[in-house]
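> Here are the chains, one letter per residue:
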Amino acid sequence: MNEQHVMVFKDVVKVYPLPSGDVTALGGVSFQVDRGEFISVMGPSGSGKSTLLNLMGCLDTPTSGDIYISGTRTKDMSDKELTELRRDRIGFIFQYFNLFPLLNIIENVTFPMMLKSQKVVDPEKGRAALRSVQLDDSLFTHTPTEVSGGQQQRVAIARALINDPDILLLDEPTGNLDSKTGAGIMELMSELNRKGTTIIMVTHDPNIAKYSRRTIRITDGMIVE
Amino acid sequence: MIFWEIAKRNIRIHLLRSSLAMLGIVIGVVAIASMGILGNSLVLTVSDSLNTVGDSVIVTPHVGRTMGGFNGGAGGSSSISITEQNFLQIKRVSAPNVAIPVLQTSDRMKLGVGSDDIVTIIYGLNPDDVPDLLNLKEGGYSRGDSGCLVGSTFARDNNVKVGSRIAIGTDGNKGTLRVTGIIEERGMAFDVSTDSAIVVTKNWFDQAYNRNDYDKVVVKVKNLDDLPAVKTAIENQMNKRDKIVDVVDTRKTMETIFEAFGQITTFVSAIGGISMLVAGVSILNIMMMSVTERIKEIGIMRSIGAQRKEVMSMFIYEALILGVVGSLIGGIMSLLGGYVISSVLIQTTKYLFVPSSLIYIVYGVSFGIVISLICGIYPAWRAANLNPIDALRHE
Numbered sequence: 007m008n009e010q011h012v013m014v015f016k017d018v019v020k021v022y023p024l025p026s027g028d029v030t031a032l033g034g035v036s037f038q039v040d041r042g043e044f045i046s047v048m049g050p051s052g053s054g055k056s057t058l059l060n061l062m063g064c065l066d067t068p069t070s071g072d073i074y075i076s077g078t079r080t081k082d083m084s085d086k087e088l089t090e091l092r093r094d095r096i097g098f099i100f101q102y103f104n105l106f107p108l109l110n111i112i113e114n115v116t117f118p119m120m121l122k123s124q125k126v127v128d129p130e131k132g133r134a135a136l137r138s139v140q141l142d143d144s145l146f147t148h149t150p151t152e153v154s155g156g157q158q159q160r161v162a163i164a165r166a167l168i169n170d171p172d173i174l175l176l177d178e179p180t181g182n183l184d185s186k187t188g189a190g191i192m193e194l195m196s197e198l199n200r201k202g203t204t205i206i207m208v209t210h211d212p213n214i215a216k217y218s219r220r221t222i223r224i225t226d227g228m229i230v231e
Numbered sequence: 007m008i009f010w011e012i013a014k015r016n017i018r019i020h021l022l023r024s025s026l027a028m029l030g031i032v033i034g035v036v037a038i039a040s041m042g043i044l045g046n047s048l049v050l051t052v053s054d055s056l057n058t059v060g061d062s063v064i065v066t067p068h069v070g071r072t073m074g075g076f077n078g079g080a081g082g083s084s085s086i087s088i089t090e091q092n093f094l095q096i097k098r099v100s101a102p103n104v105a106i107p108v109l110q111t112s113d114r115m116k117l118g119v120g121s122d123d124i125v126t127i128i129y130g131l132n133p134d135d136v137p138d139l140l141n142l143k144e145g146g147y148s149r150g151d152s153g154c155l156v157g158s159t160f161a162r163d164n165n166v167k168v169g170s171r172i173a174i175g176t177d178g179n180k181g182t183l184r185v186t187g188i189i190e191e192r193g194m195a196f197d198v199s200t201d202s203a204i205v206v207t208k209n210w211f212d213q214a215y216n217r218n219d220y221d222k223v224v225v226k227v228k229n230l231d232d233l234p235a236v237k238t239a240i241e242n243q244m245n246k247r248d249k250i251v252d253v254v255d256t257r258k259t260m261e262t263i264f265e266a267f268g269q270i271t272t273f274v275s276a277i278g279g280i281s282m283l284v285a286g287v288s289i290l291n292i293m294m295m296s297v298t299e300r301i302k303e304i305g306i307m308r309s310i311g312a313q314r315k316e317v318m319s320m321f322i323y324e325a326l327i328l329g330v331v332g333s334l335i336g337g338i339m340s341l342l343g344g345y346v347i348s349s350v351l352i353q354t355t356k357y358l359f360v361p362s363s364l365i366y367i368v369y370g371v372s373f374g375i376v377i378s379l380i381c382g383i384y385p386a387w388r389a390a391n392l393n394p395i396d397a398l399r400h401e
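Heads up: the sequence lines are chains A and B, in that order. Under my numbering, the first residue of the first sequence carries the number 7, and numbering increases by one thereafter. Under my numbering, the first residue of the second sequence carries the number 7, and numbering increases by one thereafter.
Careful, some of the hints might be misleading.
Stated by the list, open to error - With a straight-line Cα cutoff of 25 Å, these simulated SDA-like cross-link-like pairs (lysine to any residue) come out:
1. A:K122 with A:P107
2. B:K302 with A:E87
3. B:K246 with B:F264
4. A:K122 with A:S154
5. A:K86 with B:E316
6. B:K302 with A:L59
7. B:K302 with A:Q101
8. A:K125 with B:K315
9. A:K81 with A:D128
10. B:K249 with B:T111
11. A:K122 with A:L59
12. B:K116 with B:I86
13. B:K302 with A:R93
14. A:K201 with A:T187
15. B:K228 with B:I365
16. B:K14 with A:E43
17. A:K86 with B:T298
18. B:K315 with A:D128
19. A:K122 with B:V49
20. A:K125 with B:E11
21. B:K14 with A:V153
Unchecked claim - Label-pair restraints from in silico Cβ distances:
22. A:T221 with B:S25: 35 to 43 Å
23. B:R18 with A:P129: 47 to 55 Å
24. A:R220 with B:D396: 27 to 35 Å
25. A:G42 with B:K14: 40 to 48 Å
Keep in mind the hints are simulated off the structure, nothing from the lab. Note that the Cβ used here is the ideal one computed from N, Cα and C, for glycine as well.
I would like the entire structure built from these sequences, with the hints used as guidance.
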């Protein structure tokens with residue numbers, strides 16, 4: 007396995023058994039992601055983009071084929087180890103931000119740190135992460151519902167970055183934002199990528215996909231280019 | 007700990023719902039503890055009134071026994087009795103324990119000139135046996151046949167003091183006795199219940215009522231472990247051919263009585279336990295609601311690295327907080343409930359603050375916490391085992 011590859015898919019098939027018959031979401035997908043890449047995954051609705059993202063994020067396991075994250079085959083890992091992998095080496099950014107409404111902004115950001123350290127953490131790292139995504143200090147103790155959509159997405163980015171992950175997985179990161187705010191978020195992503203973070207982004211918006219340096223197009227569960 | 011904090015905040019933002027669930031636990035704890043306190047207070051009340059220390063074997067004529075001779079003594083004594091020969095046999099097999107023959111009747115008596123006649127129980131005992139059986143709170147034991155002892159309730163109710171005179175029989179036809187001592191309060195006892203009675207010498211009793219046999223024999227057993235053996239020895243000796251005596255081991259009898267009361271206490275506490283189970287179902291219900299409302303949140307937690315056990319702990323903490331707070335409030339209110347119930351039903355609260363009553367509050371509180379935890383386990387397990395992808399997609 008090349009040291010440069012942070013992620014490798016080898017003939018990955020994902021079939022969902024349904025009462026009405028099996029549905030093949032991915033029909034034998036192979037590709038690799040190198041360290042520091044910025045990749046867009048594009049395709050029509052139902053093409054298998056979300057399935058691909060779930061497999062990349064170790065939220066799901068393939069029916070057949072192998073997935074390697076930094077050289078480790080995910081099939082050989084227990085649920086506990088996969089959870090630790092998500093916690094320590096993968097950052098998720100969702101379309102709907104998915105912040106915890108019961109926690110304030112600084113607590114949301116430091117939540118993954120607390121999962122990792124199993125104790126009370128120094129909030130200074132959280133504050134630094136929030137400042138790095140240009141969020142004003144005065145908002146740190148607000149709850150997510152008290153700030154705008156763009157600000158919530160910045161909080162989600164800070165949360166995804168707090169444990170210094172190898173890979174950032176983005177699921178329609180600007181899908182719920184206006185174009186100006188979305189552009190701001192994508193500038194931030196480009197900046198993170200320039201600093202070395204590997205980014206894989208699912209989107210259906212070609213304008214957003216332009217920020218990436220490589221595009222994987224997927225149709226009917228197969229990579230077409 | 008962040009999951010503890012989230013559990014607390016979730017309870018706070020659903021305060022009404024959480025309070026209602028806690029109210030169920032409060033009611034359950036109060037029901038269990040109050041019923042337990044009431045039952046225990048009843049046991050203690052009965053225990054106080056039963057003075058017998060459980061160190062005696064009581065021998066009485068067998069009820070239904072047919073005898074060749076009847077004792078037709080005046081004053082309504084029993085028609086069957088224990089003969090002197092029977093007593094000597096009992097004494098022999100009970101040795102070295104002390105066997106005390108007891109005579110008993112009831113008669114009219116007058117306590118002063120012009121006073122109304124009263125009817126009370128009269129016991130006849132050998133003067134030598136009295137110190138083995140009775141303690142005095144005033145005066146001394148009567149040695150001569152002209153003296154008698156009186157029970158403390160009798161003395162109080164009739165204003166009798168040491169030195170008072172009592173004329174026994176209709177118009178004093180049995181003679182007049184001087185009170186030499188007042189017996190300590192004994193309560194209801196298996197051997198002799200003297201609180202409202204008078205105790206005379208056996209000689210005086212024999213002469214007054216023409217008696218030469220006994221109503222019962224009390225065997226005071228020195229070593230309590232010998233009680234069953236003494237009982238068996240007497241039965242074997244006396245009931246060889248026909249059953250002529252009933253033999254009661256007072257310790258065994260008391261154990262049976264207290265066991266019965268204990269069962270009653272357990273039963274009424276179990277009725278309280280039913281309300282706790284209902285409260286547990288309420289906890290289960292709100293925990294299931296909590297899980298359903300937070301499926302997406304659980305999915306996010308799992309996707310960013312929360313382990314199953316951490317998700318589970320969050321819901322366990324929530325159930326624990328509801329259980330502990332509800333149970334502690336219930337424990338405090340149980341004291342109040344126990345006070346009210348004791349005051350109303352047994353007219354005293356002196357048995358409330360004794361360890362054997364307070365332990366029911368500990369039982370109630372512990373049961374409340376355990377039920378809450380048990381009812382929180384399934385929702386927590388369900389939350390922890392949700393598929394992260396399904397949970398993330400949940401709207």
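> Out of the numbered hints, which ones does the structure contradict?
Numbers 3, 4, 9, 12, 15, 16, 19, 22, 23 - these are the hints that the structure violates, sorted from lowest upward.
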